[in-house]
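Enquirer: Put chains B and C on the given structure of chain A with help from the hints.
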Amino acid sequence: MGALFHDPILLAIVLGTNLPFLSMAVILLFTRSNPKLSSQISVGAILVSAVSAIYLLAKLHCASPLQYQTLWFSSDKLLIAFGYYLDPLSLLMLTIVGVIACLVQIYSLGYMAGDPGYSRYYAFQSLFAWAMLNMVIAGSMLQLFIYWEMVGLASYFLIGFYYEKWSASQAGKKAFVMNRVGDVGFFLGLIWLVIGFGNLGIPELNHAAATQGLPQHVLTVAALLIFCGVIGKSAQFPLLTWLPDAMEGPTPVSALLHSATMVAAGVYMFSRIFPFFSASPDAMAVALAIGTITMLLSGTMAMVTYDLKQVWAYSTVSQLGMMVMALAAGGYFAGVFHLTTHAGFKALLFLCSGIFIHEFHTNDMRIIGKKGGRRLKIPMACIAVGALALSGVFPFSGFFSKEAILGVLAAQPNKIWLAAALLGAVMTAYYSFRLIFHLLFPKDGIEEKQHEEHGHSSHGHEEDHHGYIFWAMAIPVMILAGVSLVLGFVEHPIEHFLIGHIVEAHPVAHGAEHGGGEWLMIMGVSAGLLGIAVAWFEFGRKGASRKGFLSYFPAVWKLFDRRWFLDIFYRKSLDTFVYGGLTSLFTKNDRRVIDGGIDGICFFTEGSGRLFSFLQSGMLQYNLLMMVLAAGVAVLYLLF
Amino acid sequence: MDTAGLDILNQAGFWAMVALTVAGASIAIFPRNILYNVLGLALCMTAIAAIYVFLGSLFIALMQFLIYVGAICIAIVFAIMLSRPLHLEMPPRPASKVAMATAAAVLFFVAIVGVVLKTDWTPSAARVADSSLWSVEAIGRALLTRYELVFEVISLVLLVAIIGAVITAGLSRRLSS
Amino acid sequence: MNSLSTYLIISALLFSMGLMGILQRRNLIGMLISVELLLNAANLNFMAFNRFLAPDPVIGQIIALFVMGLAAAEAAIGLSIILALYRKMHSINIERAQRLKG
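Protein chains in written order, with this note's numbering: chain A, 1 to 640; chain B, 1 to 177; chain C, 1 to 102.
What the hints contain is simulated information worked out from the structure, not anything from laboratory work. Just so you know, these numbers come straight off a predicted model, no measurement behind them. Please note that the accuracy of each hint is not assured.
Which chain C residues stay away from chain A? Per the calculated CB distances, all over 10 Å, these [stated by the list, open to error]:
no., residue
1, Thr6
2, Gln24
3, Met31
4, Ala42
5, Phe49
6, Pro55
7, Asp56
8, Phe66
9, Gly69
10, Ala72
11, Glu74
12, Ala84
13, Ser91
14, Ala97
Which residues of chain B face chain C? A partial, calculated answer using Cβ under 10 Å [what the hints assert, rightly or not]:
no., residue
15, Thr21
16, Ala75
17, Val113
18, Leu133
19, Leu171
Glycine is no exception: its CB is placed at the ideal position from the N, C-alpha and C atoms.
Looking at chain A on its own, in the form it has when it is part of the complex (with noise of 0.2 Å):
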């Protein structure tokens, strides 16, 4: 406890990760019955926790990793410490979650006012925060599974925050059982890794030597099994259709779990413990093809959908995607910088349409574009902005981070890969501006004329009462967009600040980022100009057909919006496999082993009952000469 108060670094790390998670069990047990206080409370902690970790950031930014640790628990050889981990890349990555959820929240005070659940809301936005915060910083591979857990919780919770609506509820359990899919592959890898490696720190893990001497099936079986776990929290191939229908939550929630943060501890446990992965060639082959599938399949679904959130979270799964790519590349720095960057434009992107949501209570960017988006200037110049960054355009933060994994990418052996990402990139500036367009020059014109007098007023009723909650709204987004614009500029910053440490597991990686060339760059920014060129040529030009390209093609379309029929195959296997095959299975093993075996223990014990019954005959004197027998073969027993 004194040395608590004593190290001001530890006092942060304990004040900013636990804080939440206080204001949490405050908000549920005593002021769920006030939103205002609850709402303080939770934005307080999470503001605590946003200071403390760009302190640490600052204190620790050129310092060696620093680890605090105790001993949790001891089995035989197996030592399972309980502590933090500050490296570059957990300070990174507290910060982005710090400063981004503090950011969400402070929206969250416009967006979710006046909703009955308020209190709850914060409650769990808190709970997400600490979960969050503690796994960023956790030491032990265990302790980081602990928290991942518990950040799957808080996504369920706030999935299905609207849960009297019934498809909320179904997408927070989608959410959930899909997310388990992929733990269960990782609680396996873990288990895996106790039995053959004997320990599950993180710095253990990440030693080049620790891992030289183990087996490379060992290795590899790890690694695949605990990138189970990537796959599942953040929706890749083929766990991918719950992200777009977490959408179900508040558009706040959306902006922090499924695009900024959590979706990304998948990404984030991967770079986690890089070196360990990179040490299989194997598992790192499977995870390049993962990430390639999904960063294809979610951009084509992005390319069909007229749901704004959707958009961005078919657009979030396919970044992802191109994360896990880069990461699986080796191109450790240019995963965790997209992870960054991405982080700070797709919570923009979200943000705004939130504003747009909550100003039109409708997702579909049609309605809002009819209805005059562009009218509401700040949110439609920063969702520009985002989307300019995720397209990948010169002065803006995916610019620099799309480089970098193009460079990585480009350093591979086969091309395929590259020519896959350049694609990607297409796409995503497509689907990126096709919105934007429809937003910006809706098909028939903005709807003056019958929305002029009651729209109006309304509208500026709205303005005056809520003007309140539209800066709260507001200033979020545009510190989001001013990050989005100078993040970029960092990119050697923050490249020394990671790779200082790790740059000698990747001589050839690292290498390789730097000798991109020029040609990259052109090609990299030559796909999203060409993405946005499409765009413009369909929607944003004078006379467009605003259809896409894919309506001439019904049944590509069909596939990309029911997105490639991935859900139908699910539900389809579920009956199959799991309701036909499995769950009759267990309703055998239900019906024969567990009601037959307590049939059989009820059978028994009758049986057994009947049996000594007969020597319970009532009969005393067959105890009697029961019990004479038994004294008399005792005493011969003794006797001889």
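Expert: Then chains B and C, alone, in the frame of chain A:
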């Protein structure tokens, strides 16, 4: 009469009593008529009382005769009179039951005899050969000094038994009638 | 004089006969009679030990007296139970008294 002749007589009397005991016990357990059993028991008890005399305690022999033959056997006869009419024929015993009982008894007998023969019985060192110790007076003194508590407890047990017997027999009569 | 073992074997014989009686008799009174035999066998043992082994011959006699007292109590209780049972079941056959049969 010389001592040897006395001794032989003594021995003959002892074994006669043993024979009577065994015969009485046999009559007590084997015949199916319950009245014979009681008479056998009385015979057996009397013979055992005689054996007690051989063991040097006339007082206990008298008590044995008094309590068993005079009290318990009479009580049993009363019970017989109060319960089942004697003229009803009892069905013969199942042979298997008799066999099992015999086997158990023989097993137990063998075990006990084994114990008896295997044990090295050592008499107490401080044995006082004083005939006054066997007197009734000595017993009475011990009962009212050293063993007084036990004596009182026994009387309490007897009292409880009497009350219990009255209640068990009397209450059940009231319940059944 | 006869040795201790003689008495002990006689008492063992008596005990076994009592045991045989108690195991085969169906008449409850018959069983009670056998129980008396058992008690007497025990008593005989006490008296024999008293005669041959005990430092003070008073003790064994007193124990024998107590056993007799307990036997009297046991007989009184047993007989009253038998009477109660007879009134309830109109039989003193132990094989009929098996309402507790499983």
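Enquirer: Would you settle whether the hint for leucine 171 of chain B is holds or violated, based on the nearest Cβ-Cβ distance to chain C being less than 10 Å?
Expert: 8 Å, holds
Enquirer: Identify whether the interface hint at threonine 21 of chain B stands, where standing means a beta carbon of chain C within less than 10 Å of its own.
Expert: 7 Å, holds
Enquirer: Would the least Cβ to Cβ distance between threonine 6 of chain C and chain A come out above 10 Å?
Expert: 20 Å, holds
Enquirer: Should the interface hint for alanine 75 of chain B be scored as holding, given a Cβ-Cβ cut-off of 10 Å against chain C?
Expert: 6 Å, holds
Enquirer: Is the Cβ of serine 91 of chain C more than 10 Å away from each Cβ in chain A?
Expert: 14 Å, holds
Enquirer: Minimum C-beta separation from alanine 72 of chain C to chain A exceeding 10 Å: can you confirm that?
Expert: The assertion about alanine 72 of chain C holds, with a minimum of 22 Å to chain A.
Enquirer: Would you assess whether glycine 69 of chain C, listed as outside the interface, keeps its beta-carbon beyond 10 Å of every beta-carbon in chain A?
Expert: About 24 Å separates glycine 69 of chain C from the closest Cβ of chain A, which puts it past 10 Å; holds.
Enquirer: Would you check whether the claim that phenylalanine 49 of chain C is not at the interface survives, using Cβ distances to chain A and the 10 Å cut-off?
Expert: Its Cβ never comes within 10 Å of chain A, the nearest being 18 Å, so this holds.
Enquirer: Once the closest CB in chain A is found, is it more than 10 Å from methionine 31 of chain C?
Expert: 8 Å, violated
Enquirer: Just double-check phenylalanine 66 of chain C for me: nearest Cβ-Cβ distance to chain A has to come out over 10 Å.
Expert: Answer for phenylalanine 66 of chain C: holds, closest chain A Cβ roughly 23 Å.
Enquirer: Taking the minimum C-beta separation from alanine 97 of chain C to chain A, is that value above 10 Å?
Expert: Violated, since 7 Å does not exceed 10 Å.
Enquirer: Does the claim that glutamine 24 of chain C lies outside the interface with chain A hold up, using a Cβ gap greater than 10 Å?
Expert: 7 Å, violated
Taken one by one, the earlier hints fail for this structure at numbers 2, 3 and 14, listed in ascending order.
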